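For the record, the sequence lines run as chains Y and R.
Going by UniProt numbering, the first residue of the first sequence is number 1, and it counts up by one from there.
Going by UniProt numbering, the first residue of the second sequence is number 1, and it counts up by one from there.
Some hints here could point you the wrong way.
Said to hold, decoys possible - Restricting the straight-line Cα-Cα distance to at most 30 Å, the calculated cross-link-like pairs of lysine-lysine (DSS-like) are: (1) R:Lys250 x R:Lys220; (2) R:Lys57 x Y:Lys152; (3) R:Lys57 x Y:Lys29; (4) Y:Lys33 x R:Lys148; (5) R:Lys220 x Y:Lys33; (6) Y:Lys103 x R:Lys250; (7) R:Lys57 x Y:Lys139; (8) R:Lys113 x Y:Lys29; (9) R:Lys63 x R:Lys129; (10) R:Lys113 x R:Lys162; (11) R:Lys63 x Y:Lys34; (12) Y:Lys119 x R:Lys113; (13) R:Lys250 x Y:Lys124; (14) R:Lys113 x Y:Lys175; (15) Y:Lys119 x R:Lys217; (16) Y:Lys29 x R:Lys168; (17) Y:Lys119 x R:Lys57; (18) Y:Lys34 x R:Lys220; (19) R:Lys129 x R:Lys16; (20) Y:Lys34 x R:Lys57; (21) Y:Lys103 x R:Lys168; (22) Y:Lys119 x R:Lys63; (23) R:Lys63 x Y:Lys33; (24) Y:Lys175 x R:Lys148; (25) R:Lys297 x R:Lys250; (26) R:Lys129 x Y:Lys119; (27) Y:Lys103 x R:Lys63; (28) R:Lys129 x Y:Lys34; (29) R:Lys250 x Y:Lys175; (30) Y:Lys33 x R:Lys217; (31) R:Lys250 x Y:Lys150; (32) Y:Lys103 x R:Lys57; (33) R:Lys217 x R:Lys250; (34) R:Lys148 x R:Lys57.
Simulated from the structure, these hints should not be mistaken for laboratory data.
Because the structure is a prediction, the values reported are computed rather than measured.
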Amino acid sequence: MDFHRVAWLCTFFCFAQVWSLPTNCILRKDLMKKTCTFIETAGGLFPSQCLDEHVSISFPQNVFESSNTLQVTGVEKAVYQTLQNIDALFENYTVPDQWDEEKITDFRGIVYRQIEESKCIMSKSEAEENFPSREASLKVYFEAISSTLKEKDFSFCAWEIVRSEILRTLNFILKHNSDIMYESPQL
Amino acid sequence: MIMQTPLERLRRKTLKLLQTLNTQYVLHWDWADDQQTAVNGTLTFTAQYLSAFQSRKAAHQQKWRTVCADVSERLCDFTDAGLNYWGIYYLRVRANTAQWFSSWTNISFCPDKEADLGPPSSVKLTSVKGDLEIVIADPLSSTNESMKTLAPDMHYRIQYWKKLEDYKFQNRQLSVYLGGFGFLEDVLRFFMLVVDASASNSPPFSIGTAMNREKAKVLKTKNNVVTLSELDGSTWYCVRVQSCCDFYNKTSVFSDTHCTRTEGQTPYWQIFLYFLLSLVLCFLLVLVWFCFYKVLKSLKSIFYPNVQLPAHIQELWSSDSEKPQLLPPDSPGSVCEHLDMISAEMDAVMDAQSLNSEDQDTSAPSRHGSGDSGFSSTEEDFSQHGAITDGQTDDVCKTNRRHTEELHDGTLCA
Chain Y
1 MDFHRVAWLC TFFCFAQVWS LPTNCILRKD LMKKTCTFIE TAGGLFPSQC LDEHVSISFP
61 QNVFESSNTL QVTGVEKAVY QTLQNIDALF ENYTVPDQWD EEKITDFRGI VYRQIEESKC
121 IMSKSEAEEN FPSREASLKV YFEAISSTLK EKDFSFCAWE IVRSEILRTL NFILKHNSDI
181 MYESPQL
Chain R
1 MIMQTPLERL RRKTLKLLQT LNTQYVLHWD WADDQQTAVN GTLTFTAQYL SAFQSRKAAH
61 QQKWRTVCAD VSERLCDFTD AGLNYWGIYY LRVRANTAQW FSSWTNISFC PDKEADLGPP
121 SSVKLTSVKG DLEIVIADPL SSTNESMKTL APDMHYRIQY WKKLEDYKFQ NRQLSVYLGG
181 FGFLEDVLRF FMLVVDASAS NSPPFSIGTA MNREKAKVLK TKNNVVTLSE LDGSTWYCVR
241 VQSCCDFYNK TSVFSDTHCT RTEGQTPYWQ IFLYFLLSLV LCFLLVLVWF CFYKVLKSLK
301 SIFYPNVQLP AHIQELWSSD SEKPQLLPPD SPGSVCEHLD MISAEMDAVM DAQSLNSEDQ
361 DTSAPSRHGS GDSGFSSTEE DFSQHGAITD GQTDDVCKTN RRHTEELHDG TLCA
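Extracted from the complex, chain Y is given alone in its bound form (with noise of 0.2 Å):
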C-alpha cells in the first residue's frame, strides 16, 4: 500500500516538474525594442538647458559583454536584471510632469511585463559562473544614477540625465546582445 502511494506520488512529482517547465524563459527583442520607443518619446531631445547639469556616469559595458559561450546566461541573467532596475528606479520615484504621462505608463507597463514573464531566467543554471560580478557592476551603475537624482533633488535636468542613461543601456544592449533574445523568423 505505502509502496503504491510512493510510486503514484513520485508519478506525479515527475510530471508536475515536466509541465512546470518554463516556455517564456527568454527576452524578446520586440519587447526590448518597444521599451526603449516608448522612454525615447515620452520627451524630447536632451534639453540644452540641462547641459552644463550634465554628470557622467560611467556605463558599466562589461557587464553586457561575454568572451565567451558558457558566459550567455550570466549575460542573460544580467540584462534582466537591468530591467528590474529600471522598474525600481520608476516606481519608488515620482517622474516629472513635463514627460508624457501616456507613454511612461506603458514604459513602464511593458517592462513590468518582461520581469513577470521571464522571471524564470533567475533561476537557470549558468554554465560558468559569472553573474555575481555582472552583478555587483550594475548595483554601482544604478546606484550612481539614483544617487544623481537625490542631489539634484529629483529636478528635471536630473530626470533628464537618468531617462538618457537607461536609453543608452537599452541601446547598447539592443546592439550587442540581440543573441540572446528571441526574434521572430524571417520567412
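Put chain R on the given structure of chain Y with help from the hints.
For chain R alone, kept in the frame of chain Y given last:
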C-alpha cells in the same frame, strides 16, 4: 450612501469571459440571481481596469480607471479604453444597486498574449498565365491600422488544394465528393446528387463518398502578394488563408475559401481553326484586291484609252460638219472608167487570131466609134476585139448611168 455590504449574500457567481479580436476587447459577465435575496432597485455594473505594475502600490493608491460606470447590460467594451497592446492589465467588475454593491471580480489580461488574431481582412484570387496570384490584406485593428504594426512577426498560412468534381459515376459506382462546405450542406448535397444520379442512371449502383479535394498544400509567407506556381493547367484550385503569430502560437480562423481555374494550353483544334480562318481571310483579301485592280483597269481603258484615232479623222469626228459620205450625190462622171491596156505581145497574138476570124467578123458592125477615146488605127484588129468588149462595157456603163440617173431622182441611200 451605502451603509452595509453584507458580503456573504452579495458574493454571487460571476462568470467572466473576454471576447477579443485583434484590438477589440469586450468583457462579458454573468450574474446569477440568488432567489433568497431580493434585488431592490435596478441592478447596474461597473467595470474598471488598472495597469498591472501599479498593483504593487497600496489599494488606496492604485489608480483604477472606470470604463463602464453603472451599466445595465452585462458587457463592457474595453476597445477604446486605451489599453496598451504590450502591457498587462487587471480588469474588474462589480454589481451595485442603490443599497449595496458586490465585491470585485478580477481578471488579468495582456492583449499581446491573449487577444485573438483575426483572419486577413480580404483575400483575392486571380489566375495569371497558368499560375495563381493571391493578394492578402492584413487584419485591421480597431483604428483601421494593419495588425502588422502591433505584431511584426505576424505571417500567413496559405492552404491550397485541387478541387475535384462534385461526383463521378464509373463502373456502376457513384462517388460523391464531400467536404469543405459544412456538415449540413454536405448531407443535403449528398442526397441531391444520389437522386440526380439515380434519375439518369438506373439503379442498382453502389454509392461511395470521398474527400472533395486532394490533400492541401501549405505555404507560409509574410508577404501580401503571393504567386502559386507549378500548378496543373485548366484545373480548379481552392485557396484559404489564416494569420499566425509564432511566439504565443496564435492562429486566426481561416478566411473564406476562394476557388478559381488556372489557364490551360490552347487546344489543338483551336489553333487549327485560327490558322484556317487566317488563310481564308488572306485569300479573300487577295481576291478583293484582284477584282478591284481589274475594274480599275477596264475603267481606265474606257475613259483613258492608249490607242488614239488618226488626227484628221479625229478632226472630222470632233467637228460639227456633216459626216463624210462614201458616195458623193452630184458626181458628174460615171463610176466606170475605161482601162486602156496596151501590150505589144498581145498584138502579135491578136494578128494571128484576126486572120483566122476576119471573115467572120467583117460582117459585124463596128461600134467602136461611140464613146471611146484614144483608140489608134494600128490597133484595128484588137480594137475590133476590143470593140466587142468596149461595146459590152458601154452597155454596162449605160445601164449604170441609167441606174445612177434613176437613183439621183430619189434619195441617196437612205
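Against the structure, the hints:
1. Restraint check for lysine 250 (chain R) and lysine 220 (chain R): satisfied, since their Cα atoms lie roughly 14 Å apart, inside the 30 Å limit.
2. Distance check on the hinted pair: lysine 57 (chain R) and lysine 152 (chain Y) sit about 26 Å apart at the alpha-carbon level, within 30 Å; holds.
3. At roughly 29 Å between alpha-carbon atoms, lysine 57 (chain R) and lysine 29 (chain Y) fall within 30 Å of each other, so this suggested pair holds.
4. For the proposed pair lysine 33 (chain Y) and lysine 148 (chain R), the alpha carbon gap of about 15 Å is at most 30 Å, so the pair holds.
5. For the suggested pair lysine 220 (chain R) and lysine 33 (chain Y), the alpha carbons sit about 25 Å apart, so the restraint of at most 30 Å is met.
6. Between lysine 103 (chain Y) and lysine 250 (chain R) the CA atoms are separated by roughly 27 Å; this keeps the pair inside 30 Å, and the hint holds.
7. Straight-line distance between C-alpha atoms of lysine 57 (chain R) and lysine 139 (chain Y) comes to about 24 Å, which keeps the hinted pair within the 30 Å bound.
8. Proximity of lysine 113 (chain R) to lysine 29 (chain Y) is assessed by CA-CA distance (about 15 Å); at most 30 Å being required, the pair is judged to hold.
9. The hinted pair formed by lysine 63 (chain R) and lysine 129 (chain R) fails the criterion: a straight-line CA distance of about 61 Å is larger than 30 Å.
10. Of the pairs offered as hints, the one joining lysine 113 (chain R) and lysine 162 (chain R) is violated, with about 36 Å between alpha carbons and a cut-off of 30 Å exceeded.
11. Distance restraint check for lysine 63 (chain R) and lysine 34 (chain Y): the Cα-Cα separation of roughly 24 Å lies within the 30 Å cut-off, and the hinted pair is therefore satisfied.
12. Proximity of lysine 119 (chain Y) to lysine 113 (chain R) is assessed by CA-CA distance (about 16 Å); at most 30 Å being required, the pair is judged to hold.
13. Between the alpha carbons of lysine 250 (chain R) and lysine 124 (chain Y) the distance comes to roughly 27 Å, so the proposed pair stays at or under 30 Å and holds.
14. Taking the CA atoms of lysine 113 (chain R) and lysine 175 (chain Y), the gap is near 26 Å; set against the 30 Å cutoff, the hint holds.
15. Proximity of lysine 119 (chain Y) to lysine 217 (chain R) is assessed by CA-CA distance (about 40 Å); at most 30 Å being required, the pair is judged violated.
16. Between the alpha carbons of lysine 29 (chain Y) and lysine 168 (chain R) the distance comes to roughly 55 Å, so the proposed pair goes past 30 Å and is violated.
17. For the suggested pair lysine 119 (chain Y) and lysine 57 (chain R), the alpha carbons sit about 20 Å apart, so the restraint of at most 30 Å is met.
18. Restraint check for lysine 34 (chain Y) and lysine 220 (chain R): satisfied, since their Cα atoms lie roughly 26 Å apart, inside the 30 Å limit.
19. In summary, the hint linking lysine 129 (chain R) to lysine 16 (chain R) is not supported, as the alpha carbons are separated by about 53 Å, beyond the 30 Å threshold.
20. Distance hint between lysine 34 (chain Y) and lysine 57 (chain R) is fulfilled; the C-alpha atoms sit about 25 Å from each other, no more than 30 Å.
21. A threshold of 30 Å between alpha carbons decides the hint, and for lysine 103 (chain Y) with lysine 168 (chain R) the separation of about 64 Å lies outside it, so the pair is violated.
22. Proximity of lysine 119 (chain Y) to lysine 63 (chain R) is assessed by CA-CA distance (about 26 Å); at most 30 Å being required, the pair is judged to hold.
23. The suggested pairing of lysine 63 (chain R) with lysine 33 (chain Y) holds, with an alpha-carbon distance near 27 Å, which does not exceed 30 Å.
24. In summary, the hint linking lysine 175 (chain Y) to lysine 148 (chain R) is supported, as the alpha carbons are separated by about 23 Å, within the 30 Å threshold.
25. Using a Cα cut-off of 30 Å, the hinted pair lysine 297 (chain R) and lysine 250 (chain R) is violated, with the two alpha carbons roughly 85 Å apart.
26. Straight-line distance between C-alpha atoms of lysine 129 (chain R) and lysine 119 (chain Y) comes to about 54 Å, which puts the hinted pair past the 30 Å bound.
27. For a cut-off of 30 Å, the pair hint linking lysine 103 (chain Y) to lysine 63 (chain R) stands: about 16 Å separates their Cα positions.
28. Pair hint lysine 129 (chain R) plus lysine 34 (chain Y) does not hold up; C-alpha atoms about 44 Å apart against a cutoff of 30 Å.
29. For the hint linking lysine 250 (chain R) to lysine 175 (chain Y), the alpha-carbon distance of about 29 Å falls within 30 Å, and the restraint holds.
30. Using a Cα cut-off of 30 Å, the hinted pair lysine 33 (chain Y) and lysine 217 (chain R) is violated, with the two alpha carbons roughly 35 Å apart.
31. Note on lysine 250 (chain R) and lysine 150 (chain Y): the hinted pairing is violated, with a Cα-Cα distance of about 45 Å set against a maximum of 30 Å.
32. In summary, the hint linking lysine 103 (chain Y) to lysine 57 (chain R) is supported, as the alpha carbons are separated by about 20 Å, within the 30 Å threshold.
33. Between lysine 217 (chain R) and lysine 250 (chain R), the direct Cα distance comes to roughly 20 Å. Compliance with the 30 Å bound is thereby established for this hinted pair.
34. For the hint linking lysine 148 (chain R) to lysine 57 (chain R), the alpha-carbon distance of about 34 Å lies beyond 30 Å, and the restraint is violated.
Going down the numbered hints, you'll see the structure goes against 9, 10, 15, 16, 19, 21, 25, 26, 28, 30, 31, 34, while the others check out.
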